[in-house]
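Student: Each chain is listed here by its residues.
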Amino acid sequence: MLIRVTGDPLDPAEAIASVGSPEAGAIGVFLGVVRNNNQGRAVDHLVYEAYDAMAERVMREIAEEARERFELIGCAVLHRTGRLEIGETSLLIAISSGHRAASFEGGHWLVNEIKKRVPVWKKEVWEDGEEWIEGPESLGKTRAGM
Amino acid sequence: MLIRVTGDPLDPAEAIASVGSPEAGAIGVFLGVVRNNNQGRAVDHLVYEAYDAMAERVMREIAEEARERFELIGCAVLHRTGRLEIGETSLLIAISSGHRAASFEGGHWLVNEIKKRVPVWKKEVWEDGEEWIEGPESLGKTRAGM
Amino acid sequence: MNVTVLLFASLADRAGTRRIEIGYEPGDTVRSVCERVMEAHPALLSFKPALLYALNEEYVRPGDPVPPGATLALIPPVSGG
Amino acid sequence: MNVTVLLFASLADRAGTRRIEIGYEPGDTVRSVCERVMEAHPALLSFKPALLYALNEEYVRPGDPVPPGATLALIPPVSGG
Numbered sequence: 001m002l003i004r005v006t007g008d009p010l011d012p013a014e015a016i017a018s019v020g021s022p023e024a025g026a027i028g029v030f031l032g033v034v035r036n037n038n039q040g041r042a043v044d045h046l047v048y049e050a051y052d053a054m055a056e057r058v059m060r061e062i063a064e065e066a067r068e069r070f071e072l073i074g075c076a077v078l079h080r081t082g083r084l085e086i087g088e089t090s091l092l093i094a095i096s097s098g099h100r101a102a103s104f105e106g107g108h109w110l111v112n113e114i115k116k117r118v119p120v121w122k123k124e125v126w127e128d129g130e131e132w133i134e135g136p137e138s139l140g141k142t143r144a145g146m
Numbered sequence: 001m002l003i004r005v006t007g008d009p010l011d012p013a014e015a016i017a018s019v020g021s022p023e024a025g026a027i028g029v030f031l032g033v034v035r036n037n038n039q040g041r042a043v044d045h046l047v048y049e050a051y052d053a054m055a056e057r058v059m060r061e062i063a064e065e066a067r068e069r070f071e072l073i074g075c076a077v078l079h080r081t082g083r084l085e086i087g088e089t090s091l092l093i094a095i096s097s098g099h100r101a102a103s104f105e106g107g108h109w110l111v112n113e114i115k116k117r118v119p120v121w122k123k124e125v126w127e128d129g130e131e132w133i134e135g136p137e138s139l140g141k142t143r144a145g146m
Numbered sequence: 001m002n003v004t005v006l007l008f009a010s011l012a013d014r015a016g017t018r019r020i021e022i023g024y025e026p027g028d029t030v031r032s033v034c035e036r037v038m039e040a041h042p043a044l045l046s047f048k049p050a051l052l053y054a055l056n057e058e059y060v061r062p063g064d065p066v067p068p069g070a071t072l073a074l075i076p077p078v079s080g081g
Numbered sequence: 001m002n003v004t005v006l007l008f009a010s011l012a013d014r015a016g017t018r019r020i021e022i023g024y025e026p027g028d029t030v031r032s033v034c035e036r037v038m039e040a041h042p043a044l045l046s047f048k049p050a051l052l053y054a055l056n057e058e059y060v061r062p063g064d065p066v067p068p069g070a071t072l073a074l075i076p077p078v079s080g081g
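Residue numbers (the working numbering), protein chains in the order written: chain A, 1 to 146; chain B, 1 to 146; chain C, 1 to 81; chain D, 1 to 81.
These are calculated hints, taken from the structure and not from any lab test. These numbers come from a predicted model, not from an experiment. We treat Cβ as the ideally placed atom computed from N, Cα and C, and that holds for glycine. Hints may contain errors.
Stated by the list, open to error - To give an idea of the interface, some chain A residues facing chain D are shown, with a C-beta separation under 8 angstroms as derived from the structure:
{"no.": "1", "residue": "Glu49"}
{"no.": "2", "residue": "Ala53"}
{"no.": "3", "residue": "Arg67"}
{"no.": "4", "residue": "Phe70"}
{"no.": "5", "residue": "Arg83"}
{"no.": "6", "residue": "Ser90"}
{"no.": "7", "residue": "Ile114"}
{"no.": "8", "residue": "Val118"}
{"no.": "9", "residue": "Trp126"}
To be verified - Pairs of lysine to aspartate or glutamate, EDC-like flavour, derived with a Cα cap of 16 angstroms:
{"no.": "10", "chain 1": "A", "residue 1": "Lys123", "chain 2": "D", "residue 2": "Asp13"}
{"no.": "11", "chain 1": "A", "residue 1": "Lys123", "chain 2": "A", "residue 2": "Glu68"}
{"no.": "12", "chain 1": "A", "residue 1": "Lys116", "chain 2": "A", "residue 2": "Glu68"}
{"no.": "13", "chain 1": "A", "residue 1": "Lys116", "chain 2": "D", "residue 2": "Asp13"}
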């Protein structure tokens, strides 16, 4: 299994190759990419920070669990850290399976679990400020709490 | 929209690049790949045949429909024809969207519709014979009918 | 004027050809053209129940009219992806 | 012996450090170590309700024991992906 937290750009071709298998009939790939806006604000860039060693450990746990639940053949999970510009890939997942349903259901489950459990945080940087986004809907909450 | 029926190998990087957009937060990719077995039989290779012009037309219709239904930003659908070896990609889809749910739901819908509606046929070639697979479960049926 | 009939996959194998030119007859429908094809190529008869039809690259129904010069494709159940 | 406490994201910004060494006390739990950290860095107090904790890279509960030499991470709500 290809599991990696890295400051380098993520390459879909590498992830796809890592899950290839003669038994695979379907490969699903998911890229989380940096969007130019969030909750109505223009985003200039993002900064991702991870608790690197633990993030890889949790990503591996989630990947193992996904493999069992969805009978995946191969599973790759990569997360990038550091400064990312609009359009760059922050999260890259590739999974292979005998049939296509698992590649959609397994992929969706994997991304959801990664967003819930992996110790990674993103900071949004706008033209006129910046803020750590903590939790899926935290923009309003953190502000109100501060 | 990148829509193509081709005898050449399909390149995920090209499809991903074609759906990139500053508004996209998620890119979903699906590869249908040639498996070394089907319904218990060892497959040596596949041969795909398409009604090329109509296949591209129907793929474009399905892509347009998916774009509306799932609010996709970009959508690429490529199908390969001719002889394909084990592990090669026969179908390549890439879609971009603001958020991740659409990339899984939209991708799954797209693949299902493509398999239902696009005039493409595959022939399975085994060590000791070959057969056109017509319809999703046709292996048994065609044999019984012949 | 003729109607061009396209065959694919197992139909093409069975008929030994991918393309049949057949004389147009006034009032032709998908069904009537298909019937004349089957008369000329009786080996295709067993495929008929499962066929779909496309006229000039769009799916049509058996009762739809076929104009002279049209291209009619006999579409066995698809298996792409 | 000490306990190493790791801070991330907004906590690190607020505390002005990513790493705190704090003296181990017999019977220490995640909760008791965390309380001493907050006493030393009161600016972190407002984060406490939302924190999760990891001991030596595994999620643990506030009542779990902290052995001397351990690494305790204070985990604000994650936002990866």
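Student: Run every hint past the structure and note whether it holds.
Tutor: These are the hints, each one checked on the structure:
1. The criterion of a C-beta within 8 angstroms of any C-beta in chain D is met by glutamate 49 of chain A, whose closest approach is roughly 6 angstroms, and the hint holds.
2. Taking 8 angstroms as the C-beta contact cut-off toward chain D, the hint placing alanine 53 of chain A at the interface holds, the least distance being around 6 angstroms.
3. For arginine 67 of chain A, the interface hint is violated, the least distance from its beta-carbon to any beta-carbon of chain D being 19 angstroms, above 8 angstroms.
4. Annotation: interface hint on phenylalanine 70 of chain A violated; nearest CB of chain D at approximately 19 angstroms, more than 8 angstroms.
5. With a cut of 8 angstroms, the hint placing arginine 83 of chain A at the interface with chain D is violated, because the nearest CB-to-CB distance is about 15 angstroms.
6. This hint holds: serine 90 of chain A has a C-beta 7 angstroms from the nearest C-beta of chain D, less than the 8 angstroms allowed.
7. Interface restraint check: isoleucine 114 of chain A against chain D, minimum CB-CB distance 6 angstroms, threshold 8 angstroms, status holds.
8. At a threshold of 8 angstroms, the smallest CB-CB gap from valine 118 of chain A to chain D is about 5 angstroms, leaving the interface hint in force.
9. Contact between tryptophan 126 of chain A and chain D, as hinted, is not supported at the beta carbon level, the nearest pair being about 16 angstroms apart and thus beyond 8 angstroms.
10. Between the alpha carbons of lysine 123 of chain A and aspartate 13 of chain D the distance comes to roughly 11 angstroms, so the proposed pair stays at or under 16 angstroms and holds.
11. Distance restraint check for lysine 123 of chain A and glutamate 68 of chain A: the Cα-Cα separation of roughly 33 angstroms exceeds the 16 angstroms cut-off, and the hinted pair is therefore not satisfied.
12. Straight-line distance between C-alpha atoms of lysine 116 of chain A and glutamate 68 of chain A comes to about 19 angstroms, which puts the hinted pair past the 16 angstroms bound.
13. Taken as a hint, the lysine 116 of chain A and aspartate 13 of chain D pair is broken in the structure, with Cα atoms around 22 angstroms apart against an allowance of 16 angstroms.
Hint check: violations occur at hints 3, 4, 5, 9, 11, 12 and 13; the rest are consistent with the structure.
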